[in-house]
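First to last, the sequence lines map onto chains H and G. The first sequence runs contiguously to residue 454 in numbering that gives the first Met the number 0. The second sequence runs contiguously to residue 444 in numbering that gives the first Met the number 0.
You may find that some hints are simply not true.
Listed next, with one range per pair, are the computed distances between beta-carbon atoms [to be verified]: (1) Arg-440/G with Gly-131/H: 28 to 38 angstroms; (2) Pro-140/H with Ala-309/G: 18 to 28 angstroms; (3) Arg-307/G with Pro-140/H: 48 to 58 angstroms; (4) Ala-280/G with Gly-131/H: 52 to 62 angstroms; (5) Asn-343/H with Pro-117/G: 14 to 24 angstroms; (6) Arg-165/H with Lys-388/G: 50 to 60 angstroms; (7) Thr-200/H with Asp-172/G: 39 to 49 angstroms.
It is worth saying that the hints were derived from the structure and are not from the lab. Every value quoted in this text rests on a predicted model; they were computed, and no experiment measured them. Glycine residues also receive a C-beta, built at the ideal position from the N, C-alpha and C atoms.
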Amino acid sequence: MLAVLGRRNVAVIGLALVGAALALLMLRLGPGPSSAKAASHREAPLISNDPAADITDFFMFRSTEPGQGDKVELIMDVIPGEEPSAGPNYYNFDPSVAYRFHVDNNKDGTADDVEFEVRFTNEIRGVVNDAGLPLSYVALPPITSLDGQGLGLRQHYTVTMIKNGRRTELGPVTEKIAVPSNVGPRTMPDYDGLAAQGMYTLGGGVRVFAGQRDDPFFIDLGAAFDTLNLRSPGTDMLSGFNVNTIALEVPASLLTKDAKAPDATSQPKLGAYASTSRPHVTIRGLEGRHSYFRGGDTSRGQFVQIQRLANPLVNELIIGTKDKDFWNSLDPDQESLFLDYYRNPRLGLALFLVFGAPVPPTPRTDLENALLKYSPTDRGYSELLRLDVSSAPGASWPNGRKPMDDVTDTAIHVVGGPAYAGAGDGVGANDKVLPSTFPFEAPPWDGRNRVHQNP
Amino acid sequence: MGRPQPGAPEPVTRRRLLGFATVAAIAATVAMLGGALRPSAGDDAVAAAPVPGGETLPTGDTAALVAALQSRLRSSGANADGYVLLGLAYQQRARETGDPTYYPRSGRALRQALLLRPQDAVALGGLGSLALSRHRFREALTLGRQALALAPSNARSLGVVGDALLELGRYDDAFHTFDSMAGLKPSVASYARVSYARELLGRPAAAVAAMRLALDAAADQPEATAWAHVQLGKLYWSAGKLASAAREFRAALAAFPGYAYAFDGLAQVYAARGRLAAAVALESQAVDAIPLPQFVSQLGDLYRAQGRAAAGARQDALIGVIQRLLAANGVTTDLETALFDVDHGIGLRHALALARAARAARPSIDGDDVLAWALARNGLCRAASTYSKRALRLGTRDALKLFHRGMIERCLGDRAAGDAFLRRALALNPHFSIRWAPVARKALR
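One chain only, chain G, in its complex shape:
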């Protein structure tokens, strides 16, 4: 039975239409979506959907969704909507697994979508968030602004632009953007950014207040809830409040069992309490779940604190492998690599060159701090002092940055000023670094 050609009017009978209204509604929705997800769904939508009535949907997990989208694209040909969804689904897979090979795949899919529909704000925003994940912040800023030009009042695009500005050290612009985002749409996403900005400005209590609002807004979303708990835990940790930090990390695990970031946070709490074996076990669980460089690095330091130098060295070697894998997939890790090398005394001159390049690409207070530390460890304390001051220019209460500043002042011969910074670092958090807190304490003796 043939279907009449579009445009050939014919009465529509109930029989023909029975059930089709749903299809129309769905088809219309996708048309309305501009090829992707509703704004308040997004990545989470890709990741999650319950299965009503036991019917298997391709949305039960992201891996299945990726497979379904790929097969649809093969069977029905090039389609901008499909490529946008696929591109976002790949990014979600990267978040879930820590596997960076999903990044180039996401980029290819999103660029394919833009070939088919050049002015797609969702695809541009997706490329922007991809650039953020790869620490390519200038690229992210450009893409985010393009998306924003197409949809000026879109919270997601504001987030991409604000995040990029922040990492580029343009704090006034970034904070303005985050304020716009929070004024447009209070949510986990916007409250979390307000919280981070307050933390950077040295207002930890206000940062906690905003993160608690984020936690409320994350209700019924296990991963977002766990994420907010972990951020709260880190805020408490930064202020040396171990018990409160541990409570938040445990709450994260209760909300979302197996959450790697919560294991990592708890490991630091246990290490601070001198329970190194438990800390190693917890950090190993984090590494097993997602082998992120910062987890592996922390595990190496924990092994060394236990006196297990060989085990620590194995972790260090693993980091090199992970960083090469990240680099091969377009992720810039210069800043992290430079800090790791400087901290571990590996190729200090090369590490300094790396830190200079990283700071140029990422002139944030973190870029300033790592460059300062790299300069200091190379004996260039005068130059280091300039960058260390810049790193603290927002008034951030960051024990590690204060420690760096203190050591640099001492290197310049101003012992009183240096010790004052070391005391501030230890007063904030006596356990701020398993590697450097003991050094600070020793220096003050």
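Same shape as in the complex, but just chain H:
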């Protein structure tokens, strides 16, 4: 493979690889253990990661579970690169983050027709609290239920639907508890059983799950780091890492404009994105965290969107660095501000430089049509993940997106055009088999026995 590329080209992109390796590692793996000993005293950090609000993937698809074809799945994964053994605190959702799904059902590009907001609260409890242990979870006795005494930290959550300006907590309002990180077999002897307790059936055919899962994304970066020592099949570099998942299954009729099922609706096209937001504070404002979290108003104005994700790799590969803060803070229907990134995508340029094969000429109206419009005749631009709910279950990105879709390859095909139709990174599937039932992502690797290798 090296011979194919030529030594000179290896040298030219070698440096790029180091930087890109850093960048992509950060995108997918998060900060990990920092080697930094200290920041300066008054010097507040200028830049930081925010894994609890960092959405790694967003999925929307018609359920592939038998008998559930009238349901649509909305799934977001957060906290990149969870190392399964990272005790004692492991990984949690952030009570100060608003996790949201936004759906456009009338093709106007503004995804405010149906929205769902998931919020968490922490409860410190049980033997861990009584004994003052510096641990989140302990096998005193082994944790087999979400009421277990060893669960020192429990995260409760609510799911609120916002439709026509009305907020409705999806009920019946039962106690919903996020499934904790998979610590290991002594502490949690039947993790799958524990996780099953964390799948809640709400009223109206809604199901929800919040908790840890195996990271379903797959890509081979390790081979590239080893001076382009590429291979077939490739190795999933995200093997053995977990994410935190919020999976929401709702009847399609809850989403469609005419409130009809997938095969009956006259407006089957939906657009959606996932977002994370944190409270907006001002220096002279009166805000404290209590006004937000003790039954306070959580209307949009008091939160600032930190990240949005619709189509995969847009944030990473399309939007330029200097505009990312701004891009993330805006709603997707403002995408006309960023059109140049779509019309002259640097991914296309890079493909051309590396492989020498032609990509479609710029400006690339094909990309903007695929990512920003329902149909080429649309006047507005909105970067949404689009799903035609009347398509048979099993459709792949860019018609919705399922965890098993190979988006790395697809992105290369889309951006590269016909000449790249056979290209791919040699990794075609996740390290764990992805379930075809709710919540559609595999159980997480456990902290004691985790491995990072090919299946």
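Fit chain G to the supplied structure of chain H, relying on the hints for placement.
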């Protein structure tokens, strides 16, 4: 087997491309990054990356990253991307080790990048943060604004500009900038700045609230978590809440063992409780980790409080060495040096000249306060009063500044007003300074 020239169309077979998509994606990413890191990664990205599958990446620690970048630059020639990364990596090394010799190296790398790509916002922002680290705030402001002009909605550049404005005493502009930053991107970085501004405005409870949001946003990042805990500890300390302060400093050490700033904070708590031996041990750990002048100075004061004058003097001598080292690497420490000399009665006339120069370069409330104190200790209490009032103009609840004001009022003959300030200082924090709190108490007797 030769690779076709760019532009020579040829069908791309699966075999040729197998695996290459990844490379393309990466190469594209770096192109997209404008030569450096994604905005939400930045310095931390340089510092940290887990090692999947046991494969060794050059990102496991910053020292290795620096070495890898240097070697790449040697082997593949001048490259703006490489120099930007190297420049930022050097700054991270300086933060990790306290070794100021990384500053000039960072500056050289970033300027090299700008020679190759003059309008690079990340390189300009990097030079801006470098100037902040060197306490060259006017330079930082200029650089930050240049970066902002190239990327108007970039939280990092807003941070550089706001920090510089703050240290230049332009508080309204600084607060406006921080509000913009927090409105654009809530994060550890922006919440921490809102918290600091609220603290300056004399709203400690609101400052704590914002710092708690910063702490939430720092989850899963050990160093940032420890940093936020230490800031909370200092907020509690400033209000005399020793137990809460100690709890935060310990939480910082739990999140990030060996964190020098947490040792320093805990040392002050122990000293306040009269446990000087423990305080010396803790402060020594801070000094051993990072020999910052303020740690060394505090250790000297602790030794003196123990009656170990010789040990204290050795620390004082060490400070001189550290400050010369900092100055040799472009770090301005005039204000800190002036305060140290004034506090320790070293060359008071020279210290006053230094304080005047420092205040001119850094007309913040800290600049005003140090100049006021230097004037007072030189017997120029009328002039001192003017600056001391300026130092308190934001309403900051800072016991040391209140103490200075009280001593200056007494020097001017207004004992009642002076004592009122001394009482306010002691009411805020009875242990605000191991050197001066006893003086305040004695004055009130």
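Handout entry: Structure versus earlier hints - violations, ascending order
Key = Of the numbered hints given earlier, those the structure breaks are 2, 4 and 7, listed in rising order.
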